[in-house]
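Undergrad: Single-letter residue listing:
Protein chains: 4
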Amino acid sequence: MSSEFGNILHISVFGQSHGRAVGVVMDGLPAGEEIDLEALQRFLDRRRPGTGPLSTARRETDVPEFLSGLEDGRTCGAPLCAVIPNADQRSGDYGELADKPRPGHADFTAWAKWGGRADMRGGGHFSGRLTAPLCVAGGIAKQLLARRGVFVGAHLAAVAGIPDAPFPLHPTAALFAEIAARPFPVLDEEAGERMRAAILAAKNDLDSVGGVVECAAIGLPPGLGDPMFGGVENRLAAALFGIPAVKGVEFGAGFGAAELRGSENNDPFRVEEGRIRAESNHAGGILGGITTGMPLVLRAAVKPTPSIGRAQRTVRLSRLEDTGLTIHGRHDPCVAHRAVPVAEAVTAAVLLDMLLEGNHGTF
Amino acid sequence: MSSEFGNILHISVFGQSHGRAVGVVMDGLPAGEEIDLEALQRFLDRRRPGTGPLSTARRETDVPEFLSGLEDGRTCGAPLCAVIPNADQRSGDYGELADKPRPGHADFTAWAKWGGRADMRGGGHFSGRLTAPLCVAGGIAKQLLARRGVFVGAHLAAVAGIPDAPFPLHPTAALFAEIAARPFPVLDEEAGERMRAAILAAKNDLDSVGGVVECAAIGLPPGLGDPMFGGVENRLAAALFGIPAVKGVEFGAGFGAAELRGSENNDPFRVEEGRIRAESNHAGGILGGITTGMPLVLRAAVKPTPSIGRAQRTVRLSRLEDTGLTIHGRHDPCVAHRAVPVAEAVTAAVLLDMLLEGNHGTF
Amino acid sequence: MSSEFGNILHISVFGQSHGRAVGVVMDGLPAGEEIDLEALQRFLDRRRPGTGPLSTARRETDVPEFLSGLEDGRTCGAPLCAVIPNADQRSGDYGELADKPRPGHADFTAWAKWGGRADMRGGGHFSGRLTAPLCVAGGIAKQLLARRGVFVGAHLAAVAGIPDAPFPLHPTAALFAEIAARPFPVLDEEAGERMRAAILAAKNDLDSVGGVVECAAIGLPPGLGDPMFGGVENRLAAALFGIPAVKGVEFGAGFGAAELRGSENNDPFRVEEGRIRAESNHAGGILGGITTGMPLVLRAAVKPTPSIGRAQRTVRLSRLEDTGLTIHGRHDPCVAHRAVPVAEAVTAAVLLDMLLEGNHGTF
Amino acid sequence: MSSEFGNILHISVFGQSHGRAVGVVMDGLPAGEEIDLEALQRFLDRRRPGTGPLSTARRETDVPEFLSGLEDGRTCGAPLCAVIPNADQRSGDYGELADKPRPGHADFTAWAKWGGRADMRGGGHFSGRLTAPLCVAGGIAKQLLARRGVFVGAHLAAVAGIPDAPFPLHPTAALFAEIAARPFPVLDEEAGERMRAAILAAKNDLDSVGGVVECAAIGLPPGLGDPMFGGVENRLAAALFGIPAVKGVEFGAGFGAAELRGSENNDPFRVEEGRIRAESNHAGGILGGITTGMPLVLRAAVKPTPSIGRAQRTVRLSRLEDTGLTIHGRHDPCVAHRAVPVAEAVTAAVLLDMLLEGNHGTF
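Protein chains in written order, with our numbering: chain E, 32 to 394; chain D, 32 to 394; chain W, 32 to 394; chain A, 32 to 394.
By construction, these hints were calculated from the structure, which means they are not laboratory data. Idealized CB from N, CA, C, for every residue including glycine. Take these hints with a grain of salt, some might be off.
Straight-line C-alpha distance at most 25 Å; calculated SDA-like pairs for lysine to any residue [what the hints assert, rightly or not]: (1) E/K234 to E/F97; (2) A/K234 to W/P299; (3) D/K234 to E/P299; (4) W/K234 to A/K234; (5) W/K234 to A/E290.
Okay, the calculated bits of chain E under chain W, using three or more residues with CB under 8 Å as the criterion [stated by the list, open to error]: (6) 47-55; (7) 104-110; (8) 132-145; (9) 176-188; (10) 305-311.
Sample of chain A residues facing chain W (criterion: CB under 10 Å; computed from the structure) [stated by the list, open to error]: (11) P116; (12) R213; (13) A284; (14) G315; (15) I321; (16) T322.
Please build the complete structure, drawing on both the sequences and the hints.
TA: See the structure below:
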């Protein structure tokens, strides 16, 4: 079992980059939920490769077809299956790669695992293409969450070491919508300009850059999550590491907290308008694995795209000898900005699952 | 369900800081495995608070009693249950805290979840005390792994921003043993001196510091783990966030990878002595969620101990009003060094589970 | 989460009777396995409604399309998704039923659960139609099992109280194949004649009959399964009750064992050709949840088709008042014979999952 | 993983018959629940071997010690661990059995699985002794259920083919309490007399008998459970087969339904006092895996105790040769009556888990 997560709401992703289709099954959705397909499409479009210089040449329309679970625009209790055909497959690009694992890709580990029997054309099941069905699931989850007052948003917190401004202490649904509408998902547009320049510079060097996605969720009730291994952090991290290229996940101050003193990192409590709030949010909305009611804030590190135009050293698997490799064809000089809606999608799916599961503290 | 993880090898932790005992059930251990109880005790002693100035005054002997699963020093196929009585409980320290959540602790979220019905004396089930049974499980897992050529070791990679040297590209079991035998678990003893000074300085300021634990595993076969959500990273992260105070987890270059270019971050492959190895290990031994056969390397960020002697702002839950709080009693100015064996324990338990599960690539 | 089972090999079924398609995702199949699509189709044809008098008029071709996981006729490590379009939907038949739950059907419970928001046309996700994708999964599992020396077969052990002969003590793969090739899946063709007569008699009475399916698996190694809740019986039963209309599951002598004495029910061991075998098989190949190496034998009770032509008493949900109901349209007077391959499918899927999981006794 | 079940409420059982203790961890209990320890003890006493002629000579006091999760008589949100020491161990009885698997016991399969490394003294982890901690968990679950209007009760439906009267269409909590208070748990005391006579007759013949336990739950809301593999039947069966000696599980009319016609088996609906009820309950309170609101009714077949005093044929494992075996020492001529509270316990634990999980139909 690999490509699945969730407890009450279980999500299974399937497909290979150059197979017939990619898709997703969502089992456990409540019934009667209207799905706004246009809003869903706008969400999907945010992760699609565009036409600009930052993106690959691959064109995907990414319009999901619903085979089950959605009737007359509403969920019907049965598992929902959405399929996105793979229109634009250029398997001819693959050839040589079957025998020469690309550094930084799953080619070698797939070979080790499946003894050369995997379909690794275009990255196969490890491809970023699989984030399309993930966004279908997450986009649907976002709609259900919004209906319950929970909003999830994200921005590109850094590219190539160039930081965006952080989320404010209390981000709003309006702010999330504003970032989502921008062509480049940053809070500080000037920082965004510099990020884009860094991406283009890498592209011109036949190289790539990585980045950091920061994601927040507001409107969660306090008391969600379980201690130790059933915490919100545990479940979110387990899912977020399923996004291709993610190599780190942190909550609140995260690794930065390791450099603070307790007096700096602790978030003092106070009463505001009859509710208990924290004055700061180094905890990222989670203490002991359980939500505080403050915004949930997490960051995911996205490594630089392993596919680069430069010559690289690798091995020829069939002969067990050293060789060189130059990857041709389309590839993104950066995938971090495209990972922004994907992080939202995964976060939303996990949070909806946890809300469906309930608090259970006192039942 | 909260305090459990694992698939073939399932580990359940129970107990509260000031209850009768803490303990663990390990279900799924192979039979006939000899457990070296002295070696296990030495491992447990590594996480115990010591007598030095860096530690709390609480004294625990932490000798596990085995109620089941271990007969004549060998596992017998049945679930293993180990219990550690809580000898030194000073519940008198608790009193005021029941109504005043300590900033940075789970007091508030436990109150939100269980409506004041939780046993939060000494942190209750959220206490670092729960890492004792976790180390029993992990210490046993380490012995089984070592018997199969897999070794897990860790060091304190940073305290208060002061870095230790990183693991070498190919750490050895001997190196792991050497660090484990040291009173302070660092590679660079001079850096260790400075870390200890920083901890003492925080203590003198009635404050605390955080740190980073770096953990490695060697001897894993390539091909372990599943794509997307069933990856080694997913499963390790899900468990590691169960260690109290962990707020970030990263693999290989982790968040640092987000600042590298692809040409820097990609690990070139080459053939060494008939095996495929990588020249560097920014991937931390994992590509696409699956092991490469290179050392698995991860880091966990440990926040500064939330219990500090300084006056802090909080609320009185019963009256919903602002108040002040000064925490008395024992507490560590730093828990990151004590988290070193705990990270090893959790990592070992997850890896043993995955090895038991097998590769399944070609079956 | 509802329509899923399996641990290493996870199977998700989706679709509604009158939706666009039904389908299945199999996550965790080993790679490189050749799938004989013709043999698979022959297996699927066994559960299809035929043209004879015993069956519904609904015509389905049931040819699965593989969207992922199968390339060039071989599994490729990625999740396999197979879809069967719903060609013949006559939703017009539904109408009145939306407000009048059919006795013995899930109409009422679906209404209670989903508040009228479920798509229950033709039984929706509860329809026997969902056994088509289940048979795709199970048919594939059967091929992988056969390649490893494990064979699964079933027959119709009873209809309307008329018993077939039981399996011999040591059924063979050849016997399974022979039954599978018959138009009516019984061991004793004379008994089969009487069963068919009973089905037709019920049909003529605008009524229906139930039956019992007996399923066996040979070639399993001893030692498979875990004690208590991880046993072979537990996992098979959990899946078998997912077949629509199954109301009982028993292993070996089953309920009959409750009427035997220990001296009759115990299976004496003896050595045969250097292997330990049992002289009888009241245990059905399982002791303590773990395989003995003798044939695994189970039976599932299939209730009479709830859709009958006779007038029945029910309620009008919208007005909460008593009413009458006469179901028109196509329906089988018996589904037990069609459940024979379905029971094989589910049994095979569970057993393959357990074989993939391994024994783990001594690792 | 073997000795565990449950999703939101997860139950792990540990211990061996002749080890230090048996016990259970319940993870996921709501907090603040008062546990009536006297009522719990009365429940535990129902499964304890008594002093009468129907029982073994083994004397167990079976008073659980609570190591965690229960403070001042109330659950506190943390996992609850209860331990029952094994006071009366006579391992001397074991000796010869280590090399001679007892027919009908798990001795052989444990040997096959763990290669002789299992602790099988007194049946080890497969012993009926493990039902003691199971009853601790189930007894607690029963108290929480009763507080929410759900009552679980059972009776001995048959012994050696002698039937008790069935439950009435609408059993009551008072009836459950009445049966529970009886020394022999039957509805029809005259039938109970005959059952006891049959047990004694078997005992005098150095033999044993089996039986059937019928269990019911009332007060469940309609709409609980999920379709296909997430149904109430699936989850109950998966757990019930974990009770030692259970070889069959059926719901409602069960295997009997296979002999009925649809017109007999279908339960007509009607409106009673503004609620939708069924006129009969062949469905056992479940349609499509989901509760109807009618009483849930199930039966479990308990095989005759495999330990009998008669000489039996078996093998000598070490020499792979045929041999004879006569089992000495204490053993029950029937365990079916002792399985009555165990079936209640398991049923209650599963139902509480499902109620905690919620309906999720419309959320």
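Undergrad: Grab the minimum C-beta distance from A/G315 to chain W and call the hint holds if it beats 10 Å, violated otherwise.
TA: Cβ of A/G315 sits 7 Å from chain W, so the hint holds.
Undergrad: Verify the proposed pairing of E/K234 with E/F97, using a straight-line Cα cut of 25 Å.
TA: Judged against 25 Å, a Cα distance of about 37 Å means the pair is violated.
Undergrad: Do three or more residues from the segment 47-55 of chain E put their C-beta atoms closer than 8 Å to C-beta atoms of chain W?
TA: Holds: 6 residues of the segment 47-55 of chain E have a Cβ under 8 Å from chain W.
Undergrad: Would the hint on A/R213 be counted as holding, given a Cβ-Cβ threshold of 10 Å to chain W?
TA: Where the cut-off is 10 Å and the nearest Cβ of chain W is about 21 Å from A/R213, the hint is violated.
Undergrad: According to a criterion of three or more residues whose C-beta lies within less than 8 Å of a C-beta of chain W, is the segment 305-311 of chain E covered?
TA: violated (count 0)
Undergrad: Closer than 8 Å Cβ to Cβ for three or more residues is the test here. Does the segment 132-145 of chain E pass it with chain W?
TA: holds (count 3)
Undergrad: Was the hint right that A/P116 lines chain W, CB cutoff 10 Å?
TA: Cβ of A/P116 sits 20 Å from chain W, so the hint is violated.
Undergrad: Between W/K234 and A/E290, does the CA-CA distance stay at or below 25 Å?
TA: Satisfied, since the Cα-Cα distance of roughly 15 Å is no more than 25 Å.
Undergrad: Check whether three or more residues of the segment 104-110 of chain E sit with their beta carbon closer than 8 Å to a beta carbon of chain W.
TA: Coverage by chain W holds here, the residue count being 6 at a Cβ distance below 8 Å.
Undergrad: Per the CB criterion, is A/I321 less than 10 Å away from chain W?
TA: This interface hint holds because 4 Å falls under the 10 Å limit.
Undergrad: Against chain W, run the beta carbon of A/A284 and see if the smallest gap drops under 10 Å.
TA: 7 Å, holds
Undergrad: Given the proposed pairing of W/K234 with A/K234, does the C-alpha separation stay at or below 25 Å?
TA: Answer violated: W/K234 to A/K234 is near 49 Å, above 25 Å.
Of the numbered hints listed earlier, those contradicted by the structure are 1, 4, 9, 10, 11, 12.
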